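S.K.: Each chain, written out:
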Amino acid sequence: MINRILALLIRYKNISFGSFPRLLSIFYWPTVQILFWGYFTNFFMSNGSFGIWSALNIILSAVVLWDVLFRGQLGLTMSFFEELWSRNLPNLFITPLKDIEMVYGLILISLVRTLIGITPAVFFANYFFYFHLFELGLYLIFLFLNLIIFGWSIGFIVSGLVLRYGQAFEELAWAIIFIILPFSCVYYPLDSLPNIVQNIALFLPTVHIFETMRLILIENEIILHNVFIIIFLNLFYLILSILFFLKMICIARKRGLLFNQGE
Amino acid sequence: MPKTSIRTKNLSKTYDNQTVVSNVSINLPYGGIFGVLGKNGAGKTTFLAMLMGLITPSEGEIFIFDKSLKFHKYEILKNINFQSPYIDLPKKITVMQNLIFYARLYDVIDRKKKILKLSEDLFITDLLDNIYGTLSSGQKTRVNLCKALLNDPKLLLLDEPTASLDVSTSEFIRKYIKSFQKKNNSTILITSHNLEEIEKMCSHIIFLDKGKIKFDGKKNELFKQNKSSSLKDIFLKDDK
Numbered sequence: 037m038i039n040r041i042l043a044l045l046i047r048y049k050n051i052s053f054g055s056f057p058r059l060l061s062i063f064y065w066p067t068v069q070i071l072f073w074g075y076f077t078n079f080f081m082s083n084g085s086f087g088i089w090s091a092l093n094i095i096l097s098a099v100v101l102w103d104v105l106f107r108g109q110l111g112l113t114m115s116f117f118e119e120l121w122s123r124n125l126p127n128l129f130i131t132p133l134k135d136i137e138m139v140y141g142l143i144l145i146s147l148v149r150t151l152i153g154i155t156p157a158v159f160f161a162n163y164f165f166y167f168h169l170f171e172l173g174l175y176l177i178f179l180f181l182n183l184i185i186f187g188w189s190i191g192f193i194v195s196g197l198v199l200r201y202g203q204a205f206e207e208l209a210w211a212i213i214f215i216i217l218p219f220s221c222v223y224y225p226l227d228s229l230p231n232i233v234q235n236i237a238l239f240l241p242t243v244h245i246f247e248t249m250r251l252i253l254i255e256n257e258i259i260l261h262n263v264f265i266i267i268f269l270n271l272f273y274l275i276l277s278i279l280f281f282l283k284m285i286c287i288a289r290k291r292g293l294l295f296n297q298g299e
Numbered sequence: 018m019p020k021t022s023i024r025t026k027n028l029s030k031t032y033d034n035q036t037v038v039s040n041v042s043i044n045l046p047y048g049g050i051f052g053v054l055g056k057n058g059a060g061k062t063t064f065l066a067m068l069m070g071l072i073t074p075s076e077g078e079i080f081i082f083d084k085s086l087k088f089h090k091y092e093i094l095k096n097i098n099f100q101s102p103y104i105d106l107p108k109k110i111t112v113m114q115n116l117i118f119y120a121r122l123y124d125v126i127d128r129k130k131k132i133l134k135l136s137e138d139l140f141i142t143d144l145l146d147n148i149y150g151t152l153s154s155g156q157k158t159r160v161n162l163c164k165a166l167l168n169d170p171k172l173l174l175l176d177e178p179t180a181s182l183d184v185s186t187s188e189f190i191r192k193y194i195k196s197f198q199k200k201n202n203s204t205i206l207i208t209s210h211n212l213e214e215i216e217k218m219c220s221h222i223i224f225l226d227k228g229k230i231k232f233d234g235k236k237n238e239l240f241k242q243n244k245s246s247s248l249k250d251i252f253l254k255d256d257k
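From first to last, the protein sequence lines are chains R and X. The number in the working numbering is simply the position in the first sequence, starting from 1, with 36 added. The number in the working numbering is simply the position in the second sequence, starting from 1, with 17 added.
Just chain R, with the same shape it has in the complex (with noise of 0.2 Å):
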């Protein structure tokens, strides 16, 4: 008996440590849970003044802001993953698909999986709150699309890595988003981190969308600049996504992956 627990403890032990990604699963929720929630708190602690009530719609607008990077990531991903995981790309492949075409639908189909997943949580937050996100007025389309490209950029990076590295890297589509979240200061300000992080959350275009999204809840106002730094930053990292995933298609033809993808 002692025998077959082992076995059964040591396949465990290759698969769950056999990769990096995977070793990265293990330790990144409770790493990631503790950084967040102590932003989190210093942040409300030492801002007392806030009403309960614009507490609170910051933080549903946050999140409803922020599913829609996560959404928009994972409906990119998972939709390219579901040809992987059918054994699909060889067919997929062998048509007069180019391969611009297949980023440009799996952009659209993001948008499609994001407007439906949203909605309900919307009408419910409305609903139930009295939560209003439409206070936002137009500046929601704004800040609804650059998470969304944001979104879709890490979307274009997962999905390269997993048609070049494999399915090891299946668990970054669901880890990213949380790792990138304590950086990203949805739920408190960017001075709430400590100075040398701050430094390198500022290339996050979360960041500046999230300041942008309190900015105008609190104080009804926007920067310019900021507008400026959130479109040059995220036409940057979409821009470079969709040349990475390109680049890996073509290194997968080079090494024959096409072939031997798939569950």
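What the hints contain is simulated information worked out from the structure, not anything from laboratory work. Source: prediction; values computed, not measured. Hints should not be assumed to be uniformly reliable.
[What the hints assert, rightly or not] Partner residues are not named here, just some residues of chain X that face chain R (Cβ under 8 Å, in silico):
| hint | residue |
| --- | --- |
| 1 | F99 |
| 2 | Y119 |
| 3 | A120 |
| 4 | Y123 |
| 5 | F224 |
| 6 | K227 |
[Stated by the list, open to error] Quick list of in silico lysine-lysine cross-link-like pairs, DSSO-like style, CA-CA up to 30 Å:
| hint | chain 1 | residue 1 | chain 2 | residue 2 |
| --- | --- | --- | --- | --- |
| 7 | X | K108 | R | K134 |
| 8 | X | K235 | R | K134 |
| 9 | R | K290 | X | K229 |
| 10 | X | K244 | R | K134 |
| 11 | R | K283 | X | K95 |
| 12 | R | K134 | X | K20 |
| 13 | X | K84 | R | K283 |
| 14 | X | K129 | R | K290 |
| 15 | X | K95 | R | K290 |
| 16 | X | K26 | R | K290 |
| 17 | X | K227 | R | K290 |
| 18 | R | K290 | X | K130 |
| 19 | R | K283 | X | K90 |
Heads up, the beta-carbon is just placed ideally off N, CA and C, and yes, glycines get one too.
Guided by the hints, dock chain X onto chain R, whose structure is given.
M.R.: Here is chain X on its own, set in the frame of chain R:
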């Protein structure tokens, strides 16, 4: 009509210093059924995958219908199709949804009509509303063949088209492929471990061994050269 269907010039594929296909040069005329034979690891599938642009060659050139695959890839791919029992269609959607999707990718005019016609021919009409993942392997093979014929390919590549099928389904598939070739004057390239199948269907044989061409010519020449009347004997003799 193009002079050749497939022409390769010194085609090679190497992975991390391991050569899988080495210096393969062939010249197949337009129209006919050709067989690619070889033992496991001979490089058959890699060779086929390179012809479809799924694997980039390390060296050499590929010309399909007299055009360079490197420079006219998407134009060529409109006229190629492929079937393999090891490559699936998405399992969670219906057969019809799968076929409509591929008909769109190949810009098939009057998609539904085309699918219904092929479905009738391949006896899969009753399966069209079934979820693909629930089909048996025989049914999947016929559905995959239907997918492979959607664009009336001028070049059809078949990787073990009757693997794991019962005798009657295998015979049906073979007959259907033969009649399709005659009707459309297409070029069909088949790889199979079923030597009888290759013997029955192909007039021209390419024999790969460790990635190199061992024989490329008419079936009768192969028999003559080896003083044998069956491919099985030639294979077994080769093992000794």
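S.K.: Which of the listed hints are not met by the structure?
M.R.: 3, 5, 6, 8, 10, 14, 18
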